[in-house]
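Asker: Given next are the chains, with one letter for each unit.
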Amino acid sequence: MSLDKVIRFCLYSSFLLAIYSVRLFISPIWLLFISLCLIYSLMIQYGLASPLPSLFLNILSILGIILSLLFSHSEIISLFIYPLIILGIIKFLGDIKPRDIWQVYLISFFILCGAATCNFDLEFGVILIVFTMISIIGLVCLNAKRGPYRLGPSGERRLLSFSLIWSASIVISASIFFLFLPRSPFSLFSGLSFTPSAKTGFTEKISLEEVKDILESTDVAFRVLVKKPFAFRPYWRGIVYETYSKGTWYVSSLPKERRIDTFSLRKLGGIKQVFYLEPYDGSSLFTLEYPCRLTIRAKCHHVIKVWENLSFSLTNPISRRIRYEVYSDPTPYLPQKSLANRDIYLKVPRDIKKRLSELAKSLVGSIDNNLEAAKIINQYLHSKPFQYSLHVPKIDRLDPILQFLFHTHRGWCEHFASAFVLLLRSIDIPARVVGGYVGGQWNALGHYYLVRQSDAHTWAEVWQDGKGWVRFDPTPILHKSYSHFFMSRFLDYIRLRWYAYIINYDFTIQRNIIHKLTRYTLHPKWRVNLPKTKFRPSLKGIITVIGLCLLLFFIYRHYTPLNYYQRLKHTLAAHGLEIGPHQTGMELARLASEKDPRMGQLVMEFIKTWYEVRYGGAAMDRERKEHLKRILRQIKNIKR
Amino acid sequence: MRRFRVKISLPGIVFILLTLILGGAAVNTGNNLLYLITSLMLALMGLSGMVSLVNLLGLSLDISPPQEVYAGQRALFSLSVKNKKILPSFLLQFSYPSGGAYLSYIPAKERLTVPAWFIFHRRGWQKVGEIRVSSEFPVGFFERGFVVREERQVLVYPRPIPCTDSFALEEDIDLRKAGYTIPEKEGDLRQLRKFYPGDTLRDVHWPATARYGKFIVKEYSVERPKALILTIDKRQDLEKNLGRLTYLICKLIVQNYPLGLNLPKLFIPPAQGVLQKKKLLEALATYEP
Chain A
0 MSLDKVIRFC
10 LYSSFLLAIY
20 SVRLFISPIW
30 LLFISLCLIY
40 SLMIQYGLAS
50 PLPSLFLNIL
60 SILGIILSLL
70 FSHSEIISLF
80 IYPLIILGII
90 KFLGDIKPRD
100 IWQVYLISFF
110 ILCGAATCNF
120 DLEFGVILIV
130 FTMISIIGLV
140 CLNAKRGPYR
150 LGPSGERRLL
160 SFSLIWSASI
170 VISASIFFLF
180 LPRSPFSLFS
190 GLSFTPSAKT
200 GFTEKISLEE
210 VKDILESTDV
220 AFRVLVKKPF
230 AFRPYWRGIV
240 YETYSKGTWY
250 VSSLPKERRI
260 DTFSLRKLGG
270 IKQVFYLEPY
280 DGSSLFTLEY
290 PCRLTIRAKC
300 HHVIKVWENL
310 SFSLTNPISR
320 RIRYEVYSDP
330 TPYLPQKSLA
340 NRDIYLKVPR
350 DIKKRLSELA
360 KSLVGSIDNN
370 LEAAKIINQY
380 LHSKPFQYSL
390 HVPKIDRLDP
400 ILQFLFHTHR
410 GWCEHFASAF
420 VLLLRSIDIP
430 ARVVGGYVGG
440 QWNALGHYYL
450 VRQSDAHTWA
460 EVWQDGKGWV
470 RFDPTPILHK
480 SYSHFFMSRF
490 LDYIRLRWYA
500 YIINYDFTIQ
510 RNIIHKLTRY
520 TLHPKWRVNL
530 PKTKFRPSLK
540 GIITVIGLCL
550 LLFFIYRHYT
560 PLNYYQRLKH
570 TLAAHGLEIG
580 PHQTGMELAR
590 LASEKDPRMG
600 QLVMEFIKTW
610 YEVRYGGAAM
620 DRERKEHLKR
630 ILRQIKNIKR
Chain B
0 MRRFRVKISL
10 PGIVFILLTL
20 ILGGAAVNTG
30 NNLLYLITSL
40 MLALMGLSGM
50 VSLVNLLGLS
60 LDISPPQEVY
70 AGQRALFSLS
80 VKNKKILPSF
90 LLQFSYPSGG
100 AYLSYIPAKE
110 RLTVPAWFIF
120 HRRGWQKVGE
130 IRVSSEFPVG
140 FFERGFVVRE
150 ERQVLVYPRP
160 IPCTDSFALE
170 EDIDLRKAGY
180 TIPEKEGDLR
190 QLRKFYPGDT
200 LRDVHWPATA
210 RYGKFIVKEY
220 SVERPKALIL
230 TIDKRQDLEK
240 NLGRLTYLIC
250 KLIVQNYPLG
260 LNLPKLFIPP
270 AQGVLQKKKL
280 LEALATYEP
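Which chain is which? The protein sequence lines are A and B, in order.
The numbers in numbering that gives the first Met the number 0 rise by one with no breaks, and the one at position 524 of the first sequence is 523.
The numbers in numbering that gives the first Met the number 0 rise by one with no breaks, and the one at position 162 of the second sequence is 161.
Simulated from the structure, these hints should not be mistaken for laboratory data.
A couple of the hints might just be wrong.
Distance condition first, Cα-Cα at most 35 Å in a straight line; then the derived DSBU-like pairs of lysine-lysine [said to hold, decoys possible]:
#1 Lys-144(A) / Lys-193(B)
#2 Lys-4(A) / Lys-108(B)
#3 Lys-607(A) / Lys-568(A)
#4 Lys-144(A) / Lys-245(A)
#5 Lys-81(B) / Lys-607(A)
Here are a few chain A residues that sit away from chain B, every Cβ distance over 12 Å (derived from the structure) [unchecked claim]:
#6 Arg-145
#7 Ser-183
#8 Asp-505
Note that this is a predicted model, so its numbers are computed, not measured.
Built from N, CA and C at the ideal position, the CB exists for glycine as well.
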């Protein structure tokens, strides 16, 4: 491939990569327009169309920028990206000169910088690296084409291989800069990121339909790093709902503590989890039931709100990926001595209370124990005709729970949990609904659970005096199928590492790395302790050392190992031949043959081999060395 | 030990400014992707410096002048570049006061010759001077280079100034016919005469010389090209005169004239051939009245 073709390829592909990185912020009409312009540009390159005049292009670019600024944009980033795209695309429609190529690279670079403020996916990272490599190759080739330089085919090949290796080494060495570039614990504009609208999730007010939307999504909710897969079914507790009204659950309690960085109980749980929570429109943090300690880094000035019901949330919706650590104790109930706001957990809407109470009493009978009653209702909901289904006919005039219990008998987790809780409340047993996730796909490569939105779940907690809140899951277990394709698990693992090492890399991690490095490099075992001596430098000593060094130097100079030709001369001189400093090998052979024909023959043989090495480019391999040594020995052994 | 100097080009300045701006933005926003872009740019800068240094390491220059170098005229020197290292070098530029030469690629462990045009403005022994070896490899953000001081001296002949033969004969250059007609030895012997400068020893008639105590030469009937002795008019500008002499020497020597030179404090007997031309031009190049 010639340099011209490489330059053209790199130019087009780098611009396309930049456009691809911001494709979510460009309208489809614009994408079509860009594609048409690039096709026209390719036609110009192949001589099928003529380049547009520069004056026309300048006017077109000014008009285009004004128009793009006049349109309203859903994202702020689009305001910057459209003018850049117009400026870039205009360059392709004219006669592309080296200066234009530089400008296109610069524009593509600006577009990528814009994309870096709103796209944190692994995909963008790959685009960034590929863009870097391609643009570097393009720039190296462009630099080689300018001025009077003309590379031949072999030079072009070498240059291309060099640029490829060099661009790869830049990417590798950038990791060192990335590790050690100074991070600040406090950022002035930490909120400056143009993130696209967050995904749906559990919020402080959630309806049955919203839970269904979450369940139908295949997006990732979070990833949890743990040491080994659990032997039990993990419940990832998120938010606790207390109040129910017409198919919607609300959080009505107030947070217990408002401003803390680390929540901790006296008892430290045995299971450590590291969460990488994806952005969503809620603010709840998820933990394995039941959490004992939660720590979040102060990078984004996060403050944890801790609720009475042992759930956690941040003050603002989670707009970027966050990392936090949790220690949990996997018990089936939440120990609590007394119930403070008992009335909240007994509230049932009046319009449905009567029917629910009748049903509950008919099921429970005269059983007085909360847990026993809960077990019976749980059993009832697990039995037929109740069935798990996401497709439930809607009857507007009826409350969804009454509809579920008395008509359809079909619903998803929230129907079951709501019905369970309301039935218990109707017979004065405190209960509440918990929203979160259950299960998840274990990834053995990265030792983590991948929890998707489709793993969203609601379950219930029932109050038992003297024990606390006991978990009940009235929803029939639905066995979910996960992809077992190795590549998908591997890619997800890479994604996790991307978030862990690149996106979530911050001042604290950097400080830890530097601390570890200094600890290892300055480890006491690695230090060399010199023996303590009473050494005092004296003039005599210095002179003696210098003298010894000079002596060694002269000895070395005098006895420098001779090469084979010099050895031959020495050997011939020992036989009494007068050897001049400028005598050639052939002259030596002639002299030797005058003295002894056999010696002359040997010298001739020696010289032949020596010349092969000295002037013929042959390697002085072991065989040749042995051959020369043998001849020298033979010459030496000739009787004088 | 060579001292490498680095110049930053305009794209390089833009690149450095962009890196600084992005670095500042990364620190202030805590956006790790901006950190990543800044790291990539810093790595590019660092490795660009390293590569440009390696590109220039292990290069040695050897300059060979042409046979004749005239003042004020372009002379084609051959610049022999040897790459001693195990890696090839790209995009080399050799600049010197009177011009520059370029070498796109030199493979590892090889020697290549580059034509280099030099101009010397004064006659006499002139130093080749400083040759700056530089390269904007790999991306043109920085230009790294070193200076080779070439101590070798080149003998520069005077600048040839064209003149017509008649003009030279009548006005500036006095082509004196001293012993004008030198007989051709192949012809019949015409007479014996006294020796004039420019006569060869072969034509000396030794018995007559012995008899008269001075050189007597034989003169033949067939004439050969006249031996010319060039001289100058002292009233005219010396450099101009030397330039015209140079022009005439170059022109007449080709026409097989035996040429000689008679200048104040300098006399060169006429002779033919390339060696005589060299001798005359060297004399003119170094001539000091």
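Asker: All the hints need checking, so say for each whether the structure fits it.
Answerer: Going through the hints against the structure:
At most 35 Å may separate the alpha-carbon atoms for a hinted pair to count; Lys-144(A) and Lys-193(B) exceed this at roughly 72 Å. With a C-alpha separation of about 30 Å, the suggested pair Lys-4(A) and Lys-108(B) falls inside the 35 Å cut-off, and the hint holds. For the hint pairing Lys-607(A) with Lys-568(A), the CA-to-CA distance comes to about 15 Å; that is within 35 Å, so the pair holds. For the hint linking Lys-144(A) to Lys-245(A), the alpha-carbon distance of about 73 Å lies beyond 35 Å, and the restraint is violated.
About 28 Å separates the Cα atoms of Lys-81(B) and Lys-607(A), which keeps this hinted pair within 35 Å; it holds. Here Arg-145(A) does not stay apart from chain B, with its beta-carbon only about 7 Å from theirs, under the 12 Å limit. Its beta-carbon lying about 6 Å from the closest one in chain B, Ser-183(A) breaks the requirement of being farther than 12 Å from that chain. The Cβ of Asp-505(A) does not lie farther than 12 Å from every Cβ of chain B; its closest approach is about 7 Å, which violates its non-interface assignment.
Against the hints set out earlier in the document, violations occur for numbers 1, 4, 6, 7, 8.
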